[in-house]
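Chains A and B, in that order, are what the protein sequence lines are. Mapping to our numbering: the first sequence position 30 is 30, numbers consecutive. Here our numbering = 1-based position in the second sequence + 1000.
Simulated from the structure, these hints should not be mistaken for lab results. Please note that a few of the clues may not be correct.
[To be verified] If we take Cβ atoms under 7 Å as the criterion, some of the chain A residues that face chain B in the derived model are: (1) E3; (2) T7; (3) P8; (4) P42; (5) L45; (6) M46; (7) L54; (8) P66; (9) C68; (10) P69; (11) P108.
[What the hints assert, rightly or not] Simulated restraints, written as ranges between beta carbons of each label pair: (12) B/A1082 to A/E67: 30 to 40 Å; (13) A/R30 to B/E1017: 33 to 43 Å; (14) B/A1010 to A/Y51: 16 to 26 Å; (15) B/R1095 to A/E52: 33 to 43 Å; (16) B/N1038 to A/H26: 37 to 47 Å; (17) A/K41 to B/E1017: 43 to 53 Å; (18) B/R1095 to A/N70: 32 to 42 Å; (19) B/D1007 to A/S59: 35 to 45 Å; (20) A/K40 to B/T1020: 17 to 27 Å; (21) B/S1039 to A/E58: 21 to 31 Å; (22) B/G1040 to A/P83: 17 to 27 Å; (23) B/R1095 to A/K41: 33 to 43 Å; (24) B/A1010 to A/G28: 19 to 29 Å.
Keep in mind it's a predicted model, so treat the numbers as computed, not measured. In this text, a Cβ means the ideal position worked out from N, Cα and C, and glycines have one as well.
Chain by chain, the residues:
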Amino acid sequence: DTEVTQTPKHLVMGMTNKKSLKCEQHMGHRAMYWYKQKAKKPPELMFVYSYEKLSINESVPSRFSPECPNSSLLNLHLHALQPEDSALYLCASSQDRGGNSYEQYFGPGTRLTVT
Amino acid sequence: SQQGEEDPQALSIQEGENATMNCSYKTSINNLQWYRQNSGRGLVHLILIRSNEREKHSGRLRVTLDTSKKSSSLLITASRAADTASYFCATDTGRRALTFGSGTRLQVQP
């Protein structure tokens, strides 16, 4: 199974709402990632988890809160977002065996709209 | 900040023609990867080339890497309409994280 799943596919939320994005993989990968992608732009790294521990936070505002409950699951909790946070949020996973990066497997993304 | 810049930003060709995309980056890398993204969807890994490799092939794809010029190219031969997508290079600078280039939007006309 080489699939990364993300739910929901689409999400519309108000600036006062709290919501969560979910990501799941069953490839035994121990590195998981959250990216944010605006239209016609490349993905921008937000967070990296390695063996369920947060290893990279790219200075992301605290209204985004990641969580890795176990090696297969990755969540992104959203609270008090701004309209400029509207974007495609992509989850990815890869092997993690040392200093090099390996190919990443991406989910289809969650299209988030903040109103 | 972006590590890589790609050119052209957009490319339109006829089916059967070859498509070449270029990527330049700024700092030393462990490896460089190419990904494809169909409109509004997740990315698909195409090929990984390590810093000690100069050329790699996978089906209709050919990737070259010139670390002295800090540049890479992706060649798609005999293109098909299904190759229409955005293509991104991504560099690994040893952080165990990728930094994506600006991307090339490829349109293959049937």
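For this session: State the violated hints by number, sorted upward, taking the hints as numbered earlier in the document.
Result: 1, 2, 3, 6, 7, 8, 9, 10, 14, 15, 16, 17, 18, 19, 23 and 24
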